[in-house]
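Take the given structure of chain Z and dock chain R to it, following the hints.
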Amino acid sequence: MLLTITTTATPATDLGFLLHKHPDRAQSFEQSFGTAHVFYPEATDERCTAALLLDVDAQALLRTRTSVSTPDFALAQYVNDRPYATSSLFTVALGRVLRSALRGDCKQRPELARTPLPLELRMPAVPCRGGADRVRSLFEPLGWTVEAEPVPLDPGLPGWGDSHYLSLTLTGTLRLSEALSHLYVLLPAMDGNKHYWVDRSEVDKLLRAGGLAVEAGEETPGSPASGEATGDGGETSADTGWLAGHPERAWIARRYLNRRDGYVRTALARLAEADDTAEEEGDDPGNEEAATEPSHEERGPSLAEQRAGAVMAVLRAENATSVIDLGCGSGQLLERLVDDHSLERITGVDVSVVNLERAHRRVCGGCGDGRKRHRPLFGDGAGGARARQEARTRRPELFVGSVVYRDGRFGGHDAAVLMEVVEHLDPSRLPAMEESVFGSARPRVVVVTTPNAEYNTHYEGLEDGSFRHSDHRFEWTRAEFTLWADRVAGEHGYRVRYLPVGPEHPATGAPTQMGVFTR
Amino acid sequence: MSGTERPERPETAEPRVLGVPEMGLVVLVGVSGSGKSTFAARHFAPTQVISSDHCRGVVSDDENDQSASADAFSLLHTVVDIRLRRGLLAVVDATNVQARARQELVRIAKANDVLSTAIVLDVPEALARERNRDRPDRDFGDHVIRRQRRDLKQSVRRLRREGFRKVHVLRGPEEIDAATIDLERAWPDRTELTGPFDIVGDVHGCRAELEELLGELGYEFSRDDQGRPVGARHPEGRTAVFVGDLVDRGPDSPGVLRLVMGMVADGDALCVPGNHENKLIRVLRGATARLTHGLAETMEQLAGESEEFRRRVLDFCDGLVSHLVLDGGRLVVAHAGLKEEYHGRASGRVRSFALYGETTGETDEYGLPVRLPWAREYRGGAAVVHGHTPMVKAEWFNNTLCLDTGCVFGGRLTALRYPERELVDVAAHRTWYEPARPLGGDSGKVTDTRPDTTVDITDVGVGDFQPGVAVDTAHGRVKASGDHTLAALEVMSRFSVDPRWLLYLPPTMAPAPTSTEPGLLEHPNEAFASFRGSGIGEVVCEEKHMGSRAVAVLCRDAAAAERRFVPGELGTVHTRTGRPFFNDPVLQAEVVDRLRDAVTEAGLWDRLGTDWVALDGEMLPWSAKARSLIREQYASVGAAARAALPAAGAALAAAAGRGVPVDDLVDGVARRTEQMEEFSRVYRRYSWDTDGVAGLRYAPFMVLASEGREYGDADHLWHMAVAERLAEVSGLVRSTRYRVVDTTDPDACASAADWWADMVATGGEGMVVKPVLGARARGRKGLAQPGLKVRGPEYLRIIYGPDYTDPERLAVLRERNLGRKSGLAMREHKLGLEALARHARSEPLWRVHEAVFAVLALESEPVDPRL
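Taken in sequence, the protein lines are chains Z and R. The opening residue of the first sequence carries number 28 in my numbering; numbering runs sequentially from there. The opening residue of the second sequence carries number 176 in my numbering; numbering runs sequentially from there.
Among the hints, erroneous ones may be present.
[Claimed, not checked] Only part of the chain Z face toward chain R is listed, based on derived beta-carbon distances under 7 Å:
1) Val-65
2) Phe-66
3) Tyr-105
4) Val-431
Hints in this document: simulated from the structure, not taken from any laboratory. Cβ atoms here follow ideal geometry from the backbone N, Cα and C, with glycine treated the same way.
So that you can see chain Z by itself, here it is in the shape it has in the complex (with noise of 0.2 Å):
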């Protein structure tokens, strides 16, 4: 709700230059979701301090609901911090309201607006859940000398600890419309998964700010651009190619284009909020372990590549000529599927749509017209019947399902993959899998990858007891895999193999276990 901006450049008062706003008046701007208004605290020619304070009307904020993309009807878009925080709210207020000074035209003082002035930024409550080290991250490289100190939660809940405010203070020695384009786009990058975007075209803008491009239409991030401003709306500095330079600009970028995952997503966000809990991470095997992986000094694939690949290696040892992968999450292996032309029928499955959404767009390479490249291919949205003709002889084939549930989709498969997908079920819910997989639609091969817990040792910033990834349900020891899979082959009629996969340990084996049943 409040950013203050101090100089002490003499004179120190031609910051009002600079913001294009008197410092002896208190001005107010109308904005969708509430009013901003500039103000200075102080105002001298040594000292001057400019205020921002927005002013967040709940209900204005709500008659825009239309164009906000938050998850729809959610609590949250009634009772949330956008009053108080300094987020990404704010930023659209900054946008606007010091849009000249973000751009760094000053026709009165053009020299000062070209000059590094020595500047402290002041904003008592930023959201940003990396905490102190993150923002550092973020602002040091860009010269500026970071303080930020942790807001506690709430003195009436003692034990509950910090909250992830930070009440933050940069100074530093830089133009002001740099040190403005900084916050326009790191504010909302540091206010973690829950954006409130008043518009999508904010999104670009906010990119094209730091000079990141958007490829148009598609929701990947696009790799930085050189520098070059591409901005539609003259909203842009002069000088934006810091962001092309940022040490930490892949995770800038993927800040901004988190969760816009369309329809689906909202309807879990609401049952996660109906059950008092937190919104679930999506669930996709595809980046386990990323962040915990041993580093090895000449890096080789990583082991999610080698599991994959190990995968390939068995399917064509079987001979397999059709496969289905169950659990595929956002296609990793399909990928690889797709390229080996001797399968004759290729099928992915998995439980979360967004999930196959995700594997659609990586395995096909367009389906929609106009500017959308992907066609909407599950629910309700999915379209006609020629639609669904069509999604019958794709290649591979994508469908909604759950290994829990006997589906008759999943017979007809030569091979069944199930590649780092048990330890995501509940053991109480193992017994259904083993029957809708190895009872009910009993391919010839079943190929098993789950994570060997005794490597665990192997990964640093792994506490003992805790697993890769924050929904395993269990990580199994190479005995007591052995022992499940033992029992399962024979209460089913497979005979099972057992093979490591990634970097074998004499002590504790392999990362990952692979158990390959045949019958």
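Then chain R, alone, in the frame of chain Z:
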């Protein structure tokens, strides 16, 4: 050949009565001009008749356009196929004089397992010619009719061989005009018989045990001069139904036959054939067959009987109908069971299925055929009761029941009392015959004995390209859209407890209509008025605890858990979306144990006559489950405000000190600071520290179900009394304050409103108003809302925001629309009642799960979450 098919008949014969199966194919055969359409119109409903001329018109706008014939017949065949699949009569009005034309029709009938009947209309050529000449649109030459007649003549002899079960030939216009149609019901169709029935499993010659069982069931015997039972009658008019395999292996197959044949002849029993009767027929007819599987014993025993008795046995067995559809279609009895599409049908493969079951052709390690799991796939509404596969115990499985408990192998002889669904059994007097494989298929190869643990993806509305779940409840059909179904699938698959524990998910609850009281959004008066308006006089007001919804399913012992839920556990506590309430399994188990102790202490097992019970209630404190939500959603807002407001205040004060006019802003910050404190007080109140079970409180407000019953009909005073009893004996359980209010008594309403006001003034969330009669209470327009919540004004700050009490905010909020929320609450309520009812009836897992799953799907629908 029976009389109806004899080609020559005297001219003076009685008018012909043509038997035609009510469900099946009728093909009219006759040359152009033989009067088929007239005949069809006279005897059948227009919708039953599919004419090639009409089809030709449909596809070409010209009934005589012969070039459209291919398309016309394609349409005709499609319509016939659909009607037969749906169990309707299909009468084909086309010349059908060529074998090729009839072949396809017979194939379609066979594919649908129904009988085909041919009715041949044979008129003199001259008459046909004359009729055609009167019809200007029929301009084909006489040679056409001549050729058709030639084809017809050749056809008549061949019709039986082509697969027509009945062939009626009508010669000449008089006979055609005089003939009448007698619609015959399919043999298995005995839907008019409603019982009550006593269905008896495979007897296999165990006459003594059969006598004992029938005695146990209350039948009184009649005996012949040698004292042998030749009949048995139930004094209350019950009917015995035998599932077949009366004979072989056991000591007295003739005795069993004598008794059962007598009962059937007297109308005291029905009987379907088993595979053993089928083989006996062949041997009695003189066919050579290997006398295995106990047939040798039967032949030996029959050798001691008279020729006349053997003849009666042959006639009896030969006359048995493959299966019976009883009680308005709700009950099907077939020896080896029957899949749904075969119910009431007649064909070779239906009979074979009913006698032998579906087999893969493989044999297991004991040399016996491996059966396909038809019962696992069974989704029919009719209960299928059968025998054939010896089981250790008779258990319902997907609405099917196998009554063969291996009496002849030393097991038991079992009967099902229907509609009571009670099992009655007697032990075998000895092992009469050594089984080829262990009972119950311990080898694991008899797949249809697997426990009912798996639900099919199609049961929850996923599995084709049009996802969406639809449930027929006792109060109408409830549907959820595809997107919501898929969302529910993900949550159910990834997070829920084993579906066998899920007999209920709590429906959402609507708030009372919006109040007009100053400063208030909700007030008890509107809840009372709402119930009064729907014709409900007495309501109960229950204190609303601010915690997290928790359903507890508790078993008295391991046996109850294994029988009804999941082996190896003793209960569960789950959230409103079916997740385990506690992430820590040790704590979860401890809470279950403490609640089980409470039920034991309170003497509830005996009072409810059950060994398990399911409770609905609220687990306190809110922070036990919602700690992260409170932190993220509420406390964080407070933290940001407490950091930002003073800083803003200081900046504004400095500016004001410089003479900058910011007074309004200063006031605004002060007001917000105050509201934020009130806001924070609310969520703090519902947060306290817990350590394991210590600090937790469970406030049950409803007994959902126990063995064999659900409590939707119990009034809320009873539910509250049970909760109080539990609270008395357990420190974990907390009772709920409540009072009964007559909504037509203004004083009572006012006093209840005061009670509410006191409660919310001291930090209560509010209260819930429910019809006192319980969950199934009915109002003026049918099922009533199960409850309306009335939340306190302070509590609503965490729902509508710290500043919702500002007059202009309140004015907007009063416009809130409750219609969607109420509708959703009602739909979910219907599903909840349905799930409990299905579980109480011991319906298969998928039937219960379907309704529970649909609640979850509806919960993901977009409704204002503040309501």
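- Query: With a cut-off of 7 Å, does the beta carbon of Z/Phe-66 approach a beta carbon of chain R closely enough for the hint to hold?
  - Reply: Holds, because the Cβ-Cβ distance from Z/Phe-66 to chain R comes to roughly 5 Å (cut-off 7 Å).
- Query: Does the interface hint hold: is Z/Val-65 within less than 7 Å of chain R, judged Cβ to Cβ?
  - Reply: Violated. Min distance 10 Å.
- Query: At a threshold of 7 Å, is the proposed contact between Z/Tyr-105 and chain R supported by beta-carbon distances?
  - Reply: Holds: closest Cβ of chain R sits about 6 Å from Z/Tyr-105, inside 7 Å.
- Message: Quick check on the hint: Z/Val-431 CB to chain R CB, less than 7 Å?
- Response: holds, 5 Å
The structure does not agree with numbered hint 1 stated previously, though it agrees with all others.
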